[in-house]
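Trainee: Now for the letters of each chain:
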Amino acid sequence: MSSLALHAEKGRPVRTSLIRQYIPLLPPGLILLLFFAIPMGMMMGLSFQPKGAEAASLANYGRFFTDDFTLIGLGRTVLMSGLVAICVTVMAYPVAYFLARSRSPWRAVVFALAIAPELAGVVLRTYGWLIILEDHGFINNALLWLGVISEPLPLAKNMFGVVVGLTHVILPFGVLSLLTSLQGVDPNLEKSAQILGASRLSVIRHIVLPLTVPGIVSSMLLAFTMSASAYATPAILGGAGFKVLATMVYEQVLFYVDWSFAAVMANVLLVMMLIVAFIGSRLEMRLHKKLHF
Amino acid sequence: MNQIVSGFFWVSLVCVMAFITLPLIVVIAASLSPSAQVTLVPWEWTIRWYGDLVASRWLDPFMLSAQIAVLVSVISGVLGLLAAYVVAFEKCPGHAAIMSFLLSPLAVPQIVKGVAIVLFLSSAGLYRWVGTPGLIAAHIILTLPFAVRMIATAMFNFDKNLDRAGQSLGATKAQRIRHLLLPIIKPGVFSGMTFAFIISFNNIPLSVFLVRPGETTLPITVINYLEYSLDPVLAAVNVASLLFVLAVIFVFEKVGGFSAQIHGGSK
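Protein sequence lines, in the order shown, are assigned to chains A and B. The numbering used here applies: residue 1 is where the first sequence begins, and numbers increase by one. The numbering used here applies: residue 294 is where the second sequence begins, and numbers increase by one.
In short, the hints are calculated from the structure, not lab data. Please note that a few of the clues may not be correct.
Derived list of chain B stretches under chain A, where covered just means 3 residues or more per stretch with a C-beta under 8 angstroms from a C-beta of chain A [said to hold, decoys possible]: (1) 394-408; (2) 494-503; (3) 511-520; (4) 530-538.
Every residue gets a Cβ at the ideal spot worked out from N, C-alpha and C, and that includes glycine.
Here chain A stands alone, though its shape is the one from the complex:
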């Protein structure tokens, strides 16, 4: 605003300086328009234009929601994401609780260890899980050597392997979102309950857990949306038969070269994410009101 006033003093018309203010936005704005907004619009349009057909139609959406292959893929995506959401939240909770309450020197170590894997990238971690879980992997070799099993357990190339891998990838985000929530709970509430004779278990059940429900919900939603759109972990740890929406989209583009159907799948994925995010934000708002009157 001050620059506006200065320009006006020099006798320049106010309007040009107002427009000039926006000039630095041109490069980032144009790049976003050209490589994000226009491609997204184009993809939406393409989804109504089945391969080889001239007229726009909903045929591809009909195909998506009647074909067993795509429906199973969609169901698998939802199941996988739901399982990961539960695993991430359950496993992140003790870590977040420790980080929120502990004053021990180990706190910094635990924090670094919990967050550091994010730097390693998905490939390294997925590769790590593959050598741990595959048929001749670390766990199977150890169990075979001990004589506990005679055949390798099917730990990789299936839902189990994918859920383990994704949980590992997403866990740091779960820890961070639960940590924020736990830091908002006054530790004195727990102390006073303990002084009044509540056991550890009932403090957790009746005070800590209810007060952190919004954090639990947001951690689950974050984990759900992150797993539903994950590509590399299902592709590597799931094996050839494990198809989720993300890997199906990739196949449609590169192997079947059916761009229109790929656009339909991508749109279904996008809409699913937006619905989950919308329900989540409504839920969080309601929970917030309930807790804070």
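Put chain B on the given structure of chain A with help from the hints.
Mentor: Relative to the frame of chain A, chain B by itself:
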């Protein structure tokens, strides 16, 4: 009873921490073990897998990934600065709406952005862009919102009185930006650029659509190879690229000094 509960808590904490660190330890062990089988009882270590990395098969994708990540990080930093200046510093009319446009790519899964870009390039007759130019453009779309958000946070925290003081002492706008604003928000800019570098260097879901033979990034080369082999050389590739990322973060931190900002709790 209380002891059971707290015992259970500590056991679960230790288990989760073991779960988090296990894959990293296994990969490091595999990169040093002499045989292809990882047994975690390596009586003898070897660094020969690391020697195998000095081959164009690994060096070429590494160089491409590093170049793309550096370019993406610099371009995102510059574009992020321009955008954040208008939106967060000048607070132009409509800045909230512009900000949500700038952050909108965050709402779209990477795989969807990847499909959209590759379909756009193909239908717009820009198919020759698939490869390095497409990878750079796609990675910028991915990292720009993070850069904008981090730089904008730094600009929101900038004390406008400093700018007014400079102005009343006769400093021109360019001088105030160069000598006041930029030095103060430098940590924010560098944390945005570091973030952009890490995201670009490790990216899979966007790159997977935009690589072409001879122009393949390191993570894509690794996952393509993973499909038919668990060669320990892959472990060495992964450990080496992790060390590279850590070294880059270290350098960025030395230049930009953003760790104080991270500990200060800004997002």
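Trainee: Among all the numbered hints in the text so far, which are the ones the structure does not match?
Mentor: Violated hints: none at all, because every hint is consistent with the structure.
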